[in-house]
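Residue numbers (this note's numbering), protein chains in the order written: chain U, 1 to 373; chain G, 1 to 373; chain C, 1 to 373; chain L, 1 to 373.
These are calculated hints, taken from the structure and not from any lab test. Do not rely on the hints blindly, as some may be mistaken.
Put simply, identical chains are the same to the list, so a pair is met inside one copy or across any two.
[Claimed, not checked] As a list, the in silico DSS-like pairs of lysine-lysine whose alpha-carbon atoms are at most 25 Å apart: (1) LYS81 / LYS288; (2) LYS75 / LYS130; (3) LYS189 / LYS63; (4) LYS123 / LYS337.
Being a predicted model, the structure only gives us computed values, none of them experimental.
Number of protein chains: 4
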Amino acid sequence: MAGPRAKGEAPRIGVGMMGYGFMGKAHSNAYKTQPYMMYPPVAIPELVAICGRDKKHVEEAQKRYGYRKHYTDWKKMLDDKEVQLFDNGGPNDAHAEPSIAAARAGKHVFCEKPLARTAQEAKTMLDAVKKAKVKHQAAFNYRFVPAVRQAYELIKSGKLGRIYHYRAVYLQEWIMPQYDTPLIWRLQKKLSGSGALGDLGAHIIDLGRHLIGEIESVSALTRVDVDDAFVAVVEYESGAIGTLEATRYAGGRKNHNRFEINGEKGTIVFDLERLNELEVYWVDEEPKETRGFHRVSVTEGYHPFISNWWPHGHIIGWEHAMVHEVNHLLDCIVNDKDVAPLGADFEDGYRCAVICDAILESARSGKRIACKY
Amino acid sequence: MAGPRAKGEAPRIGVGMMGYGFMGKAHSNAYKTQPYMMYPPVAIPELVAICGRDKKHVEEAQKRYGYRKHYTDWKKMLDDKEVQLFDNGGPNDAHAEPSIAAARAGKHVFCEKPLARTAQEAKTMLDAVKKAKVKHQAAFNYRFVPAVRQAYELIKSGKLGRIYHYRAVYLQEWIMPQYDTPLIWRLQKKLSGSGALGDLGAHIIDLGRHLIGEIESVSALTRVDVDDAFVAVVEYESGAIGTLEATRYAGGRKNHNRFEINGEKGTIVFDLERLNELEVYWVDEEPKETRGFHRVSVTEGYHPFISNWWPHGHIIGWEHAMVHEVNHLLDCIVNDKDVAPLGADFEDGYRCAVICDAILESARSGKRIACKY
Amino acid sequence: MAGPRAKGEAPRIGVGMMGYGFMGKAHSNAYKTQPYMMYPPVAIPELVAICGRDKKHVEEAQKRYGYRKHYTDWKKMLDDKEVQLFDNGGPNDAHAEPSIAAARAGKHVFCEKPLARTAQEAKTMLDAVKKAKVKHQAAFNYRFVPAVRQAYELIKSGKLGRIYHYRAVYLQEWIMPQYDTPLIWRLQKKLSGSGALGDLGAHIIDLGRHLIGEIESVSALTRVDVDDAFVAVVEYESGAIGTLEATRYAGGRKNHNRFEINGEKGTIVFDLERLNELEVYWVDEEPKETRGFHRVSVTEGYHPFISNWWPHGHIIGWEHAMVHEVNHLLDCIVNDKDVAPLGADFEDGYRCAVICDAILESARSGKRIACKY
Amino acid sequence: MAGPRAKGEAPRIGVGMMGYGFMGKAHSNAYKTQPYMMYPPVAIPELVAICGRDKKHVEEAQKRYGYRKHYTDWKKMLDDKEVQLFDNGGPNDAHAEPSIAAARAGKHVFCEKPLARTAQEAKTMLDAVKKAKVKHQAAFNYRFVPAVRQAYELIKSGKLGRIYHYRAVYLQEWIMPQYDTPLIWRLQKKLSGSGALGDLGAHIIDLGRHLIGEIESVSALTRVDVDDAFVAVVEYESGAIGTLEATRYAGGRKNHNRFEINGEKGTIVFDLERLNELEVYWVDEEPKETRGFHRVSVTEGYHPFISNWWPHGHIIGWEHAMVHEVNHLLDCIVNDKDVAPLGADFEDGYRCAVICDAILESARSGKRIACKY
């Protein structure tokens, strides 16, 4: 997964983590797990500091995850010379300013998705990291699920031929009334900038761009009364067409990030609820008598991600993709590689924001909107 | 399923069948099976005559299925006094004229879908049957799949509450090059009027109208170079939003007519490839520990369709829905019932055509198109 | 499926059907459907007579299915010269005597399974049909499910290599108290001779013999208080080992006749509840990246059974296997072919009975019992 | 999951780990993850020492996982006063002597399964830990899979009523020739004492005892030429009957530890390859129209294991069960609780060994063997 591994002592990268909620926990776990699981490590992340607004909580998080220091002001953390990588796991309204400041301070930046609340905001972030010549990664972690990487390789190698269709949904249910979900920042438009579109839609837009290519236009509908569920039909530059949909009002769908790709030579299906599996169909490579969807268990050691974990057939969980993602970023930093196209960089984050804006514009105007990057 | 069954001898209805291809075979099978399987029969169809252009083939079909006579000119068949029900299983370009003539001749009309090649054409057919006061049924046979009927009853009874989302696809693969499909009429635009849209799309548009309600607007894309695959986002009058897609270039999808409905209180999923099953999820009727999608095997005798067939757990096939559909029409004829809303009538066929036209118009113009019935 | 089809008029075979219950209905449907679906027909069954003890019911059945005559005494029906094929769809205690008498009267015999209540009884039947030189078929209809035939061909062709394991269950639920099942003959030991063992176990024993080969020994347990559920481990002459289990107390299992076969080169899985599908895994014929269980939809026209029905991807139901089975028997009769090994003959029925006896003996004695044929 | 959590600083337990292979890695990961994931921790494991025969490898493992010291002689490690908990992750032939010595030295003992190569060997281990009054846990980690715990609670609460059937298989494929598996200790009878029986069979025997109750007798077959695959029928003291099977020659089965339990009121199905799911069927608690197997996603915060990890719908991996298992043992140590019945103790390990011996004896003798504990 990473390139050639360091001989002798692996280089150390000081991490400054912003946020101690869900993402703070998931990212911290990735930094703690990577050195002994992605082994030998391409680099070793040092847990320098964690930052958050509430002193009591951030102190507890410091101790829980083993950070050396804590800050309640992200500006102070960015002054810390030991911090080389700024990890922005804060709410969407706190992505732009700290990330830009970090870039200006010469820190590499790893920022949660959606990169920003608008394309314009994302553009300022992209400009900043490019100008500062730091590494930048947008946390589209599903690119690092083993089965998704496998789909990516199959498509890039031409095994599916020309792509005709991409249909993707990201369906959840947890904000339906019966779940008594507290009003976290994700559900406050002021803080998140969007609902299902930014939280879920951004993921499937990114996966579509990663797997199929650039999106040319969108025609969409949204339902703003109930969160901001959206449906859209999209055209890809390659000529493929597709559907995109995200909602958090789909009863029974726990974390149903699913895509299906139909190509000239085959079909691929993925579902995050069974992330260790990939379904693949070959149109005419097999005898008719046994042709059918292959339910591929992506749990064998030939896979560059899986080889780091357990033997044949031992499944991994949701957070493992983040360990691969962190490892990729560390590899890019210490070996001066590009984050894209395997990972998503801020350019990807920006383009995703352009598409989100176009979806909202199409829903408002009733017109097909061309995406201009 | 049918209402009160006839005492003593069931009335007999003379059938004149047009077409001896796939649909001619399927409809003939339905007429032959209904009397001893939908038992006791509400009416007994008499196989009076079969009609087709090729004399040799129609003679063979007459003998094969046991019709008493054959015709090579549908006008002659419509002159036959013994024919009370005209079954139009011909290609799409032969739907309007014979069906209208049949209505004028006082025959009940059962016509394959899509009812017509355009809304305008469909309107002439609707006007004719209404004027003639004959029974009219459009062959949207999937309304008669037991699991679909079950979904319909669940929704109508309010069990799902307000409906949020309807997502439907009808995916097939059989015209992909590797299948060496001959150039049948279904693939000739002159005869069919459309490709995937009329052949497959019409089915999922009809199911959406049947289950969710009237469609208000569509925004769509088509790909005319490869058949006429389409994708669309739709608004229902009820406020629900959805996606529709049909293609015959989806490798591995044999007959994948699938819908998912998310409502306030639950979710329902159906897939024609496993037509004996229905997936149902209740949002908060069950303890968390065992809450999940129910994989319901719709193969038990409590179901009004299934009770006609085999004991508990013996699955039925694709053509059985057509037996139920024919039985429904016979029941409507002899007991003077309305074909709709359980079955689709020509009004449904016409409205479906309006939506197909709107999809094409939206794809052409790039605008959201309101459906005007 | 059948051999070369008759040119001109197909020969006619007069059928005398005993029984008008579930099996009478299913067999009658097969005779009525075969001529126009297995087309052109190898032979045409004439519905000469139906026989049953209750005059009112048998008269109704005669009319319902279109038999020319009815009898209330099977001996009289066997005197009928027009009856060439005796179809025994009666309860298990009425298998031996009428079948033997039919053979002696020179009728071909098609008898429901289990062939007899004991191996000894089955042997008298086998001796009778061999002596009479009539065709004899035991109604192990699952040999005629398209997916099962496909599994058979894959194994016989050597594609799976040496077979290691056969695990089969036949699980149902319908006699559990909540289903309020009436006390039909199937549930009365006096009439049926056995419960789950004869009704369900016989099917999976036969499929194991058909697919894997002869059984050498069994070690078994039964539970007689609740029906006669049994579990057994078995050795095949080929060296394969396996498990067999049948019960009618498995909640949720509607008609779960499932087997899995692991061979040197691959694995095959079948489940009657999804009888249009077959799962196949090849151990090392495919690249690792896409190796996995193939979910094969056995619904394409290359298959000799499916080609008779509907186009690509239109599934068939439970009773269709019986149409294939009847067609096979007619083919054997008119073309003087052997019913086995594609179908099961009375030799198969007898050997199945030997194994059932051995299971009971092992359960009683606690010892591994060698099967002696 | 654990009982009341410690206030203030959690107690620390010094761990001495024997083995640095697959199990050494998995156990070390559990000790490293537990303190910040099972939060606040009931106790904090201190990674005191790791032990293995090869100095170079054990030094590398020490550094990789962060142990303070290493040993090449387990006896020396047992002399280390800082070691309070001895974790035996060595091969099967190194279970008894070190574990007994550890107990005598007053260390708590956590030993991998199967506990020993024979019941007699297991008995000496059980006697030692009982005499020493230390905590003892046998690493039957699947008891700690969230879905398995859920099944356990459902059964214990009486929700399934009387249990009729338990059918379990543990199927793998990785020693089939195409996988070029190296001759690790697991495949050497001298070191492992058994093959599929001890490696896989022990797991399903333990789960059966955990979920259903004690086993009374077994009738079995083994195939010693190809590993030692076995099949067995078993009687439980409760009257339930079942089948057990394990093989490593089942192509396509990656890690297929599956059980199905049929009870008076419902059915439960589990498969380790989809360990985040549980299938549950209620016999008569639901309306017929929507009755079916529930596919329960065991990924919600109500579950005492899941609440430690991620939000709603984020699946966990194989190794997470081991984190729960380690946490349970630490809880038992610091709060003086019994390891059983939630976890497996050495009594469970011993009884499992008795059953393994009985399986071999039955296969050899052809007789049903009573299990005597």
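Structure-based check of each hint:
With identical chains, the CA atoms of LYS81 and LYS288 are never at most 25 Å apart, being 63 Å at best within one copy and 46 Å at best between copies. Taking identical chains as interchangeable, the C-alpha atoms of LYS75 and LYS130 lie at most 25 Å apart only when both belong to the same chain, with a minimum of 20 Å there against 58 Å between chains. In this assembly of identical chains, the alpha carbons of LYS189 and LYS63 never lie at most 25 Å apart, being 32 Å within a copy and 47 Å across copies at closest. When the C-alpha separation of LYS123 and LYS337 is checked against a cutoff of 25 Å, the pair qualifies only within one copy, where the shortest distance is 22 Å, while the shortest distance between copies is 58 Å.
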